[in-house]
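**Q** Spelled out from the first residue to the last, the chains are:
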Amino acid sequence: MRIHISTNDGVPIYLQVVQQIKYLISAGRLSPGDELPPIRVLAENLLVNPNTIARAYRELESAGLVEKRRTAGTYVSAEGSRLAKRERTRILASRIDHLLAESDQMDVSFDELIKLIHVRREAMNNSRAKEFADD
Amino acid sequence: MTERTNNSASSVIEITQVSRRFGSKLALDNVCMSVPRGGVFGLIGGNGAGKTTLIKHVLGMLQPQSGSVRVFGMDPITQPVGVLGRMGYLSEERDLPNWMRVRELIRYTQAFYPTWDERFAEELREMFELDPNARIRGLSRGQRARSGLLVALAHRPELLVLDEPSSGLDPVVRRDILSAIIRTIAHEGRTVLFSSHLLDEVERVADNVAMIHNGRVVLSDSLESLKDSYRRVTLRFDTPIAEPPELLGRMHTEGTGMEWTYVCNISGRDASQIRGAAISLGAEVVDESSMSLDEIFVATACR
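As they're listed, the protein sequences go chains A and B. Quick note on the numbering used here: the first sequence kicks off at 1 and runs consecutively. Quick note on the numbering used here: the second sequence kicks off at 1 and runs consecutively.
By construction, these hints were calculated from the structure, which means they are not laboratory data. There may be inaccurate statements among the hints.
Not everything, but these chain A residues come out facing chain B in the computed CB check (under 7 Å) [as the list claims (entries may be wrong)]:
#, residue
1, Glu44
2, Asn45
3, Val48
In this text, all values refer to a predicted model and were calculated from it rather than measured experimentally. We treat Cβ as the ideally placed atom computed from N, Cα and C, and that holds for glycine.
Whenever a hint applies, use it, and build me the whole structure from the sequences.
**A** Rendered as structure tokens:
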């Protein structure tokens, strides 16, 4: 499980952990039944306070994405991926809202914006294809 | 800030109205600070703010000119054995006996502590790749810091005190120090007090933070509520304005024309109230974000 913590942008660390685990679940990289690392292990890996990880796990648990089992481990719940997908839509929607607001402020029309999205996707696909060719 | 938020039974360090003068300079000005048992307490502040002076009082290296210092409920000046035996300490200077070899340093330090854990010491020595035959004098800065960390940790102290432990060290050694802090508190009931000007490190590991500025404690709170208390909001007004209007808990404003960015301390209030306040000023909130500890520090210190 790869999580990256940044202390530059002011987002509380527990929230970064919550958001990234949500993302991993919604992207299918964590499946229902998968065990999350023990709190102390993840804290040492990420070099953050164990209480911060505990708080992140509590938030995920109360959102129904993970569940504690009697053996003290924390697992992705059966409901997890469905809830995480809803979350993913919510995250994307807010990014799109930002994008729309920004292009509006910059006087870029909606059609131009859509065109630009296609162009960017093309560029991204090309650079990915190139990466594979290089391997 | 004279009220005591924690009773002394649950706190490991209790500093009450301590003042200290060096010549004409007031280094500590009526400082009150309470370090609760368990968890990490981060002491932050600029160079010369008084962090090291305060830590020296905790260690019993300086006697308070007024006020009192209690560690584990004892006075570190009159009961040094009772206090220092339960404490591990690493300073920025890492004053180690230069003429000793690493093996001798370990054996020498071991003699002071009945709780010394020989296996743990050996485990740390291997992890830090310290050559037992190397002389302290010949060690690199990083290996020196690791030696100091080893002898501060190996008796498994109830209280670990680190004064600017990361200063001048490369990222690999800084990682070792952070991970030592995390492992120390992962054992129940242990406490870490560390001072640092590397605020991203403090933000990663601290449960509580106190900020010293010009010898005074200007902030002392849990990191969680500190982060909740500060917001940066950017407002957009309909027309350019010369002087930005007041806003709830404003500490600092920056901007020109129609767009102004406020740093606000909203402690105790809901962040949504800022929105309401902005609308009543006839402005629109175009950006709102929480702040890093670094930014909170700057906003508080520059006030």
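**Q** Each of the hints needs a verdict: does it hold here or not?
**A** Here is how each hint holds up against the structure:
For Glu44/A, the interface hint holds, since its Cβ comes within 7 Å of a Cβ in chain B; the closest pair sits about 6 Å apart. At its closest, the beta carbon of Asn45/A sits 9 Å from a beta carbon of chain B; the interface hint therefore is violated under the 7 Å criterion. With its C-beta approaching chain B no nearer than about 5 Å, Val48/A sits inside the 7 Å limit, and its interface hint holds.
Hint compliance for this structure: hint 2 is the single one not met.
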